[in-house]
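J.: My request is simple: use the sequences and hints to build the entire structure.
Those sequence lines, one after another, are chains A and B.
Quick note on numbering: the first sequence equals residues 223 to 1049 in my numbering.
Quick note on numbering: the second sequence equals residues 223 to 1049 in my numbering.
Just so you know, these hints were derived from the structure itself, not from any lab.
Do not rely on the hints blindly, as some may be mistaken.
Copies of the same chain look alike in the list, so a pair counts if it works inside one copy or between any two.
[What the hints assert, rightly or not] Pairs of lysine-lysine, PhoX-like flavour, derived with a Cα cap of 25 Å: (1) Lys-949 <-> Lys-296; (2) Lys-421 <-> Lys-495; (3) Lys-249 <-> Lys-694; (4) Lys-586 <-> Lys-685; (5) Lys-721 <-> Lys-1004; (6) Lys-685 <-> Lys-934; (7) Lys-513 <-> Lys-495; (8) Lys-631 <-> Lys-602; (9) Lys-949 <-> Lys-579; (10) Lys-653 <-> Lys-1004; (11) Lys-978 <-> Lys-680.
This structure is a prediction, so every number in the text was calculated from the model and none was measured.
Number of protein chains: 2
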Amino acid sequence: GEGKGKAERIFGFMDVFLENDPLSLQKDILDHVEFTVAKSRFNFDDFEAYQALAHSVRDRLIERWHDTQIIFSKKDPKRLYFLSLEFLMGRSLSNSVINLGVRDQFADALSQLGFEFEVLAEQEGDACLGNGGLARLSACQMDSLATLDYPAIGYGLRYQYGLFRQIILDGFQHEQPDYWLNFGNPWEIERVHITYPVKFYGTVTDEVLNQEKYKVWVPGEMVEAVAYDNPIPGYGTRNTIVLRLWAAKPSDQHNMEAYNTGDYVDAVVNRQKAESISSILYPDDRSYQGKELQLKQQYFFVSASVQDIIRRFKDSHKNFDEFPEKVALQLNDTHPSLAIVEVMRVLLDEEHLGWNKAWDIICKIFSFTTHTVSPEAPVKIPVDLLGSLLPRHLQIIYDINFHFVEKLKKMIGLDYDRLTRMSIVEEGAVKNIRMANLSIICSHTVNGVSRLHSELLKTKLFKDFYELWPHKFQYKTNGVTQRRWIVVSNPSLCALISKWLGTEAWIRDIDLLIGLKDHADNAELHQQWKMVKKVNKIRLAEYIEAMNGLKVSLDAMFDVHTKRVHEYKRQLLNILGIIHRYDCIKSMNQNDRKKVVPRVCVMGGKAAPGYEMAKKIIKLFHVVAEKINNDNDIGDLLKLVFIPDYNVSVAELVIPGADLSQHLSTAGHEASGTSSMKFLMNGCLLLATEDGSTIEMIEEIGQDNMFLFGAKVDEVPALREKGPALKVPLQFLRVVRMIREGHFGFKDYFQSLCDKIECENDYFLLGADFASYLEAQAAADKAFVDEERWTKMSILSAAGSGKFSSDRTIQQYAENTWGIQPCRCPF
Amino acid sequence: GEGKGKAERIFGFMDVFLENDPLSLQKDILDHVEFTVAKSRFNFDDFEAYQALAHSVRDRLIERWHDTQIIFSKKDPKRLYFLSLEFLMGRSLSNSVINLGVRDQFADALSQLGFEFEVLAEQEGDACLGNGGLARLSACQMDSLATLDYPAIGYGLRYQYGLFRQIILDGFQHEQPDYWLNFGNPWEIERVHITYPVKFYGTVTDEVLNQEKYKVWVPGEMVEAVAYDNPIPGYGTRNTIVLRLWAAKPSDQHNMEAYNTGDYVDAVVNRQKAESISSILYPDDRSYQGKELQLKQQYFFVSASVQDIIRRFKDSHKNFDEFPEKVALQLNDTHPSLAIVEVMRVLLDEEHLGWNKAWDIICKIFSFTTHTVSPEAPVKIPVDLLGSLLPRHLQIIYDINFHFVEKLKKMIGLDYDRLTRMSIVEEGAVKNIRMANLSIICSHTVNGVSRLHSELLKTKLFKDFYELWPHKFQYKTNGVTQRRWIVVSNPSLCALISKWLGTEAWIRDIDLLIGLKDHADNAELHQQWKMVKKVNKIRLAEYIEAMNGLKVSLDAMFDVHTKRVHEYKRQLLNILGIIHRYDCIKSMNQNDRKKVVPRVCVMGGKAAPGYEMAKKIIKLFHVVAEKINNDNDIGDLLKLVFIPDYNVSVAELVIPGADLSQHLSTAGHEASGTSSMKFLMNGCLLLATEDGSTIEMIEEIGQDNMFLFGAKVDEVPALREKGPALKVPLQFLRVVRMIREGHFGFKDYFQSLCDKIECENDYFLLGADFASYLEAQAAADKAFVDEERWTKMSILSAAGSGKFSSDRTIQQYAENTWGIQPCRCPF
Ligand SMILES: Cc1ncc(COP(=O)(O)O)c(C=O)c1O
Ligand SMILES: Cc1ncc(COP(=O)(O)O)c(C=O)c1O
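T.: Pasting the structure below:
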């Protein structure tokens, strides 16, 4: 019949896959120039060429993603839903073509058209929809989920403004809104028909249906969530999964009777404000602002995602009994934890399952990962705010808490202190909902992000819960994807590794990397290894010169300290060390100076806009740099470079070019740390405290191959207790005094900064760790002059970094937490 | 060398034009399903098929547009810039494929895939970026400009919300925001790199440069204008021109130093408000609200367009002397008249030309068309508002006015009354800028939109100016494009016309249409003509039934009255006539009733949200309909249908299905009227007053072939003067009394409506014209029963409609006003 004829015709076209030979690629690119970018093919610039190129790649992503979807819906495996409010994806072009396996083909095709792939790739702006480590981790994990063929979907928010761009004016940080969508985004697919209404405010009423009483939420406001899909290709597989980001749009269901034009215009302009829900990423790393708009963002995100998940489940299942066998929900920190309450609400009020059945499902589907160590960080939501914005959710939280406390009383008796601590509701002048407690109580698994972190959770932060449910507590040490952090960002190293391992298989199977160890003493490898580092140092040096005109010596040690600026991360310790070094050099005679290892100290990182101390640290680095860089007496012995607007693409450039990298968090404050892993993979040596995942690195690489320093995690409390009695070295006092006395100017401005590291105020123990820090720096200097030894340490660093691939992390999650299986597309 | 190799390679690909055979079209459509719509080609619905189809058509539009651009920039002809704040484009798909000449090919290709072209075309939503006649006229004129190969560019605003959707609830009009971009818009091309900063507020300072003093405007606010290009294909030509619409985006040039997250977030969210400038179309037909936002819209539009025009000129010319030879600027009503001042400002303050030179240029480039008759309508902008928003522009206006008044004094002496009337500045308690005076003074030509309109301008509205500059005053009777209003909307009639004329050439050369007259008595044509009307009546009847469940008889006369609801358009007169007809039928015996011509009275049109009387008229129609339609005693003799949300695509359906159409404006109030032209082209008879362009229709078609009634334009003032002494027929008093006394309910609500047509309040002379209106209606009834006669009248209406093609209008503008020449792409 007709239907058959139609189907055959469509299938006929289907045989034709997109071709990847140079001629087909060129035709595709030029067609996109003409029809997508809508420029004449005789007149287009590098940016337009990039756009056309990106669209050609996008076509290929879409093709594979469709195939993947077909397999997923046919096989119907249990799926993982990865919920995170932040994803720091960076650029997509190079990563995509490499994962698709068509990089060289595209590069050839372009070069015949007179374009260079690398130049076009530089046209792409970063997608900065996250703050730092947590957000980049989510991005790395998506790459591993795709590569390992897991049936997963990421959910997030499509902020119109990503993390602010950092501009440095006169040494001070200024924030520039990051209107990243300004020039279009070829990496997303707008799904105009995948929209869900999201409700806010209003009241809860009762309704009787078949003699049962149900709650009905009558909202006071509605907005629409629209899906934007970002394909995530796996490497060495046809599988391509998707990161679905939600944007807020005004809801359509709205008539009005306006009595004058002004009212009408105002009403429409007001409705448009709905869009502000998803308009901006909160720029606070590891802190929750607790503003209404932020809570609205969280619920907007959660509600749309949960509706989508339940819709997908119901498309092919009749009964919620199967739900836990088909659905795993991962909560990336507490930001998306309202999802628990939202699923409960849907099961109770919309699916009418009854409390016990609904609760049973909840307990089987959620897993929760916390990324924080600090007892101040946990998110609390004021009951008044929650009750007004989400009245029904507050009721359900109270109900969950009631059931929990009742059960708890039976288990631990009337230990009111402990009951109070464990309750979801924090009593007090302002009542709060503790999102961490809610998440722990309702999840089957609570994960830490490193072994040390997990220990701290069990013994400190969540001690009460650990004692109750020890089985819930696990950890998966964070990891990063070698695809982006070696293959994309360090092509020379990538080629070298493959050459010496005799295979590219390590790109999917990171355990093979350890094979480099066998060649750690090979002179030929040494030679080539040094060449690779040099290439990357040249690239970085050129960037520095282009950026601020500073010429740096390639013979100097490139000493890099890049990450969000935080007191606990102790960028200040680094600056104090630099001042000390400067002071020492100044007092040396010419002969001694010859023995000094020249250094280029690179710092980069953003401060939250409201974080005064962090902003002062940035300014301090700049005034110190100004002084030292302009001191002709110093020359190449010491140069300071601040790299503004540190983000993923800057990291891709900086990390491969680093000789040494610093990770200085006071022990017990960094839950994991992930940038250290990237440096390690790139053969950069670490100068670090024994904190977070560094402890596991010591096991993998050996402490002889790292420069460790500082108080260990269990020494910290004792040191803090000493207070004013704590002895700090004279050099420390001296450098602080230099700042205080205006040696670098801005005396008054830096006073509060100095106060915070004085005696008993020195919470992060800069004084206590200073001597040990200087020793570690001296050890690094010593090692650096022994080229042989340094290169070997560098090789061993890379060789031992295999454990820190997110492939390993994800595999552990899949097996031990989510219970999902790979589901692979046939090629 | 390398460059050559590259060029050859790109040229090689160029040989391949897009193919239009079924197989190529199918591949294109399915590729767009997969890669643009990003749906699997095995699973897409009608809407997705429409999107893919639209993108395939878009590709072809872009191809021709590029070719057109190449020719235009090579030949560098004088260009017309058509500035209008409103364009009522309606749908684009059918129009595009017809103008491209690929409709049948696409229809075939689709049918083989199992889709019907017509069904997919119905998926498209209207682009309603305008209120009514003026806006649709702009759209028709763009079509003619493209078809006649003129080098023209349209400029407008890309409102996010077009004209509200009209919803009828319980007989009352409600307004629903028209978020028309919700599902994407394949007909526009976003030009992310074509952006201009637009400034507002601030102050004016002096600056000295080379010993000359210049004014510098230091703005207080900046937003960015981004271009969206909408290709407009010509028919029977490769030429494709563009309508460039501007959208407001936050400006990028903005750093800040935020001291807390709240400030930072607020600042970003505030910046986003910039977008509200282009967010909404003001829903007032022929009235200016005078709100700050509306003035901002006008200047935003003008500033971006002028920057674009000057940029294009400077790209290929060194010297402004040539400007008037290369640039013609058409002001569509006074809404864009700030363009005059903006060009002056750029020439003075940025190009530093000096007053005399700049003024000389201004006087040669602008032409102005006014669309209004009413002395209340002219736009006035309060001086305070203008001075705050555009301080420099106010200065320039004062300067222009000073020069003008000085010159005027020399010409007419110290006639202060006349000087006051002609001044651009209106003195008084609130000082105002008169935009019409500004436009007349600075334009080389002032056009009316019909002969009558022009007479009224010369003798009344702009008498003072006409006496000063008689040569400036011209008129170009409006026209509509037969491509949309016959070829797209009435394919059966189109085929019939081509058959009887033996050619399709009339689609480009409307003068041929008169050839139908030769066959006006041909029985075979009569037969076929009636069949066509029947087909269109069936389509309309089905729409009515689908819409509100009412079955209407195809034998009834379809009597249509569709246009914006206005007191001067006298929809109320129609309703009173209907009540009278109902009243008559009710009092007839069965025998007399058999002689009654059954009627389906269709009304449609939107009321401005704040226009109370217009909204009451809509409600009155509904209550009368409710009563009559439910009166079993009446049956098919009289049925009332209100078609909600009258817009272009509804018009395309309604007009071909109408037997009779009503155009009832009180003589002297409709400047032209364009819907009457569309009805005429579709062989629909007119029942009309002798107003606007109707007067010219009488000349073309003959008064015997129309049903004319009512006071003529020069009788109106006398009738008004009579006041209470004016005799009105008893039937009129009776029907008004029926409403007053609550015969249709809502007595109180309709009281003010009745008051406004009582005695001396009856400004629009419903009472005076009622008897004559009823006579015309009776004449129509009489003609309708004589099928032969009616069909002949219908044929003669269509045959005589040729003059009312916008092709004729545009040709007159090109030759007599703009001085532009065709510039045709070789095929
Ligand atoms: C842009 C960016 N910010 C922050 C981080 C996290 O760094 P760390 O783990 O050192 O805090 C990374 C990781 O590479 C990153 O790429
Ligand atoms: C949607 C719409 N509104 C208004 C008009 C103008 O109608 P009139 O000239 O009768 O006022 C037209 C013309 O066809 C139209 O299509």
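J.: Now tell me, hint by hint, if it's right for this structure.
T.: Here is how each hint holds up against the structure:
Proximity of Lys-949 and Lys-296 under a CA criterion of 25 Å is satisfied in neither setting, with 67 Å inside one chain copy and 81 Å between copies. Taking the closest pair of Cα atoms, Lys-421 and Lys-495 come within 25 Å of each other both inside a single copy (15 Å) and across two copies (23 Å). In this assembly of identical chains, Lys-249 and Lys-694 lie within 25 Å of each other by CA distance neither inside one copy nor across copies; the values are 55 Å within and 54 Å between. Taking CA atoms no more than 25 Å apart as the test, Lys-586 paired with Lys-685 passes inside one copy only; the shortest distance there is 22 Å, against 84 Å between copies.
For a Cα distance limit of 25 Å, the shortest separation of Lys-721 from Lys-1004 qualifies neither inside one copy, at 31 Å, nor across copies, at 97 Å. For the homomeric pair Lys-685 and Lys-934, the shortest alpha-carbon distance inside one copy (21 Å) is at most 25 Å, but the shortest distance between copies (94 Å) is not. With identical chains, the CA atoms of Lys-513 and Lys-495 are at most 25 Å apart both within one copy (17 Å) and between copies (20 Å). For the identical chains of this complex, Lys-631 and Lys-602 are intra-copy neighbours only, at 24 Å inside a copy versus 76 Å across copies, given an alpha-carbon limit of 25 Å.
Proximity of Lys-949 and Lys-579 under a CA criterion of 25 Å is satisfied in neither setting, with 60 Å inside one chain copy and 81 Å between copies. When the C-alpha separation of Lys-653 and Lys-1004 is checked against a cutoff of 25 Å, the pair qualifies neither within a copy, at 56 Å, nor between copies, at 82 Å. In this assembly of identical chains, the alpha carbons of Lys-978 and Lys-680 never lie at most 25 Å apart, being 30 Å within a copy and 82 Å across copies at closest.
Comparing the model with each earlier hint shows violations of hints 1, 3, 5, 9, 10, 11; every other hint is respected.
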